[in-house]
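Undergrad: Chain by chain, the residues run as shown.
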Amino acid sequence: MTALSYSYYPGCSLHASASEYDLSTREVFASLGIGLEEIPDWICCGATPAHNVDELLSLSLSAKNLELAEQVPGDMAVACASCFSRLKFAQHILGENETKRKLVEKAIDAPVHLERRVKHLLEILVRDYGLEQLATAVKKPLSGLTVACYYGCLLTRPTDVPNLDCTEAPTIMEQVMEAVGAQTVPWTHRLECCGANFTLSRPPVVQQLSNAVLESAKTAGADCIVVACPLCHGNLDIRQKEIEGVYETSYGLPIFYLTQLVGLALGVPQERLGLDALIVSPQKLFRDKKIN
Amino acid sequence: MSRIGVFICHCGENISRTVDVEQVAAQAALMPGVAFAVDYKYMCSDPGQNLVKNAITEHRLTHVVVAACSPRMHERTFRKAVEQAGLNPFLCEMANIREHCSWVHEDREEATDKAIEIVGMLVERVKKNRVLPTITVPVTKRALVIGGGIAGIQAALDIADAGHQVVLVEREPSIGGHMAQLSETFPTLDCSQCIMTPKMVDVANHPNITLHTYSEIEQVDGYIGNFQITVRKKARSVDEHKCTGCGVCMTKCPQKKIPNSFDCNLGTRTAIYVPFPQAVPNVPVIDRENCTMFKSGKCGVCQKACGPGAVDFEQQDQLIVEPVGAIVVSTGFELYRITEKTKGSPIKGYGEFGHGKIPDVIDGMTFERLASASGPTGGKIQRPSDGKEPKQVVFIQCVGSRSREKGISYCSKVCCMYTAKHTMLYHHKVHDGQAYVFFMDARVPGKSYDEFWRRAIEDEEAVYIRGMVSRLYQKGDKIVVMGSDISVGVQVEIEADLVVLATAVQPQKGADLLAQKLGISYDKYNFYSEAHAKLRPVECATAGIYLAGACQGPKDIPDTVSQASAAAAKVMTLFAKDKLEREPIVARVKESGCVGCFACKKVCAYGAIEEKEIRDRQGNLVKVVAYVNPGVCAGCGTCQATCPSKSVELDGYTDEQIVAMIEAL
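Taken in order, these protein sequences are the chains called A and B. Residue 292, in my numbering, is where the first sequence stops; the numbers in between run on with no holes. Residue 1665, in my numbering, is where the second sequence stops; the numbers in between run on with no holes.
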């Protein structure tokens, strides 16, 4: 088997608020021997604001990124759920609608490239690298750690666009967590919305929705929540203290990026996974579960 | 010298909208061999057919080409008309300028050119048509009905009452099907058992009906009027002739905890069992997978208890051959099991509803058993988890149906009505309970149906919420139903005690395999296809096979019974004649060229090719050649395409004719 290698689209969050997601992704790929080369001069995917305001702008930003990706060989690896969603949407819409494709080609002044496979990290770990191989690469299994895998709204939806897993009952993240030795719990709010962008404009909405997510994970007996989206992470981690205040409760649930936990299991030292950037500190949990 | 008449139909506007029919007629008139060409608005109507007949006499026509719709639609119509005017019907051909031309093209000029070419090809082909005599075959006046639900029972009784023999084959140990499981039926709320069981008894007692239960179709040979059916009668382990139906064996059986599938696994049964007390025949069967005797060789309690000595552990499957002339397929439906997801299937399942994990999330049929007087709770509404009476029940419609995303786009047709019925039955039994229904649309067209549905809302206080449910989850002993109410644009959360899912109606498992044995077609969901959606709704495209009930598409009881009687009437029409006329479009072997390789025999899907010995005058064997049995040949032409020495030809489609058609292009 030739070594796996990907062109890497980190997206803006991973260069800023979610730098620990970027850091841990690079560490995981390096320790698994998977190549990861950042696409030079990549631009923002436009995220939620762009497609809410101007579809052409949103499609053109993703088309531009797909064009830039032509510089680096390999399928495109994406970590952020929102970037992943936008790129997949662009491929889906531009593949079906010739009129829009022509408009976009005019906007980016280049042909639209739709052939490149855009893959989320989960797909790469499960389908390309393989769960069995991942399990054998584990040096420090996360045994004893009970995790709630949180998909949020974007990772699997809508049907027929991301094609990552079953839309309403996915298991792909649980498969990865179990392969690295963690226990997963069935819980009710795996696919509910955290409030997303309303974190800036209407925080009470986010408090209510994220509270439901935290409450459900806690009730299900999880020690922590694993996410694959910087925005979910922000709402559940940064706002957790505030939510506990508003709803007069206490969760104390560390919120991890999936690559942070996979990295730990692969034996990457804690300080190289950006764990110190988490607001809800995982240190007590690590001590209790004898994870270092 | 041919004198061909060409008749171009407008098909109302279906053809003339895109094809310049006058131009086609003008061009056809110039084709070599054509003596007359004309266009008309509706060629299949009475004046249209008269136009054809009169032209044959007036212009002394020798052949006819009708340029209109598909031959599947009206070939028979025009051949009959031609015959009435004194021509051999097989000197008439149809040029399909509707399905193959006007319906699929937009450019009028190009479509007209294409129509002219199609007509030209058929003119060349018809010139070389031979006069063919109609083939007659004998009819076995005995019918096979596959499936003993209400559809099969009705069809069997109708045919038997008309004086013909019927063989009824049922896969389960008893006839009755799903209707025997129902509590009360819409729109009149009469008890299903009370209207169903007498019919079951009629079947058992009818002198013209041979009943094979616990049996399956093994093999189907032959053709219309002359089928040979091999039925596998599975080993019941109980001698049907000796058993008196006393039931002592069942009371003695030590295996008492087997989930009873007739009760949707709510209740239990023994290893030797009848599925329900009113079963027909009232003869138990041993479930060999769960029987201690078959598993460990030690037990035999039932055999010792059986007075007449009917229990027979040594019984083997039996193969019975039944000659029949017609087949009614009425294999019915099953409910979509939303938790079971088969790999590679486009049907995606509903993991988010927790069916199969949360005990109080049940499907519609399970609710029927809960509400049924003969059910495991004696008709009391008790939820499966703890037997408590549910005070808040949420019914969810369209689970699986009408969702392209989830893989089934059709409407299951019966759920709107049975859910309305469920809310009423619930309200009648739990006066202080509240029923909620999540629905997309109420589809209740049918006699007294809308009134029934409105009664559920207006008199029986069911709360209908227009919207879908996204998720169900257990919270304590409640089930949280997360849904939306789109008429007011809000999200709804209900904490329910019981949730009932109106899951989609699907064909029975294995419906595709049976279709392959019968040689009938089915759609992507495995529903059997009728020959024509509007004009031949109970016939299969395969001659002599008819459809009844939900195996053809979701159907309620009134529709099923109507279709079953219609299928029976079709069978009686077939049996009304002693001989059956068949189309003589069959293959013929040129014996001089045949080398006896029998490549044709290997490819023939109908088993129509036989071996024939050619002898000289002294009786010495000269050679063995292929022979096509015209009674069996379906005229598919596979043998013609296969024959290496070009010694088989299909009448109407000879190589000479095909080449002539190509040259006309």
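No lab work stands behind these hints, which were simulated from the structure alone. Certain hints may be false.
Sample of chain A residues with no beta-carbon within 10 Å of chain B, all distances over it, derived [said to hold, decoys possible]:
hint, residue
1, LEU36
2, THR48
3, ALA50
4, VAL126
5, ARG127
6, LYS140
7, GLU178
8, LEU191
9, ASN197
Keeping only pairs whose Cα atoms sit at most 20 Å apart, straight-line, the calculated SDA-like set for lysine to any residue is [what the hints assert, rightly or not]:
hint, chain 1, residue 1, chain 2, residue 2
10, B, LYS1391, B, HIS1427
11, B, LYS1053, B, ARG1017
12, B, LYS1348, A, THR159
13, B, LYS1478, A, ALA212
14, B, LYS1475, A, GLU215
15, B, LYS1357, A, PRO170
16, B, LYS1041, B, GLU1022
17, B, LYS1127, B, GLU1022
18, B, LYS1601, B, GLU1611
19, B, LYS1475, A, LYS289
20, A, LYS218, B, TYR1473
21, A, LYS218, B, GLY1476
22, A, LYS218, B, LYS1348
23, B, LYS1380, B, VAL1430
24, B, LYS1357, A, GLU132
25, A, LYS289, A, ASN163
26, B, LYS1348, A, ASN163
27, B, LYS1646, B, GLY1596
28, A, LYS106, A, GLU70
29, B, LYS1478, A, GLU215
All figures in this text were calculated on a predicted structure; none of them were measured in a lab. For glycine and all other residues, C-beta sits at the position ideal for the given N, C-alpha and C.
Undergrad: Hints first: check each against the structure and report whether it holds.
TA: Outcome of the hint check:
1. LEU36: holds, 32 Å
2. THR48: holds, 20 Å
3. ALA50: Non-interface label on ALA50/A holds, nearest chain B Cβ at 26 Å vs cutoff 10 Å.
4. VAL126: holds, 16 Å
5. ARG127: holds, 15 Å
6. LYS140: Given a closest Cβ separation of 32 Å, the condition holds.
7. GLU178: holds, 17 Å
8. LEU191: Its Cβ does come within 10 Å of chain B, the nearest being 8 Å, so this is violated.
9. ASN197: holds, 19 Å
10. LYS1391/B <-> HIS1427/B: With a Cα-Cα distance of about 10 Å, the restraint between LYS1391/B and HIS1427/B holds, given a limit of 20 Å.
11. LYS1053/B <-> ARG1017/B: violated, 26 Å
12. LYS1348/B <-> THR159/A: holds, 10 Å
13. LYS1478/B <-> ALA212/A: holds, 17 Å
14. LYS1475/B <-> GLU215/A: holds, 12 Å
15. LYS1357/B <-> PRO170/A: holds, 16 Å
16. LYS1041/B <-> GLU1022/B: holds, 11 Å
17. LYS1127/B <-> GLU1022/B: violated, 23 Å
18. LYS1601/B <-> GLU1611/B: holds, 9 Å
19. LYS1475/B <-> LYS289/A: Status violated; Cα separation ~28 Å.
20. LYS218/A <-> TYR1473/B: Roughly 15 Å between the alpha carbons, so the hint for LYS218/A and TYR1473/B holds.
21. LYS218/A <-> GLY1476/B: The given pair, whose Cα atoms are some 15 Å apart, holds under the 20 Å limit.
22. LYS218/A <-> LYS1348/B: violated, 29 Å
23. LYS1380/B <-> VAL1430/B: holds, 9 Å
24. LYS1357/B <-> GLU132/A: With a Cα-Cα distance of about 28 Å, the restraint between LYS1357/B and GLU132/A is violated, given a limit of 20 Å.
25. LYS289/A <-> ASN163/A: Given pair LYS289/A, ASN163/A is violated - Cα atoms ~35 Å apart, limit 20 Å.
26. LYS1348/B <-> ASN163/A: holds, 13 Å
27. LYS1646/B <-> GLY1596/B: holds, 12 Å
28. LYS106/A <-> GLU70/A: holds, 18 Å
29. LYS1478/B <-> GLU215/A: holds, 17 Å
Violation of the numbered hints given earlier is confined to hints 8, 11, 17, 19, 22, 24 and 25; the remaining hints are satisfied by the structure.
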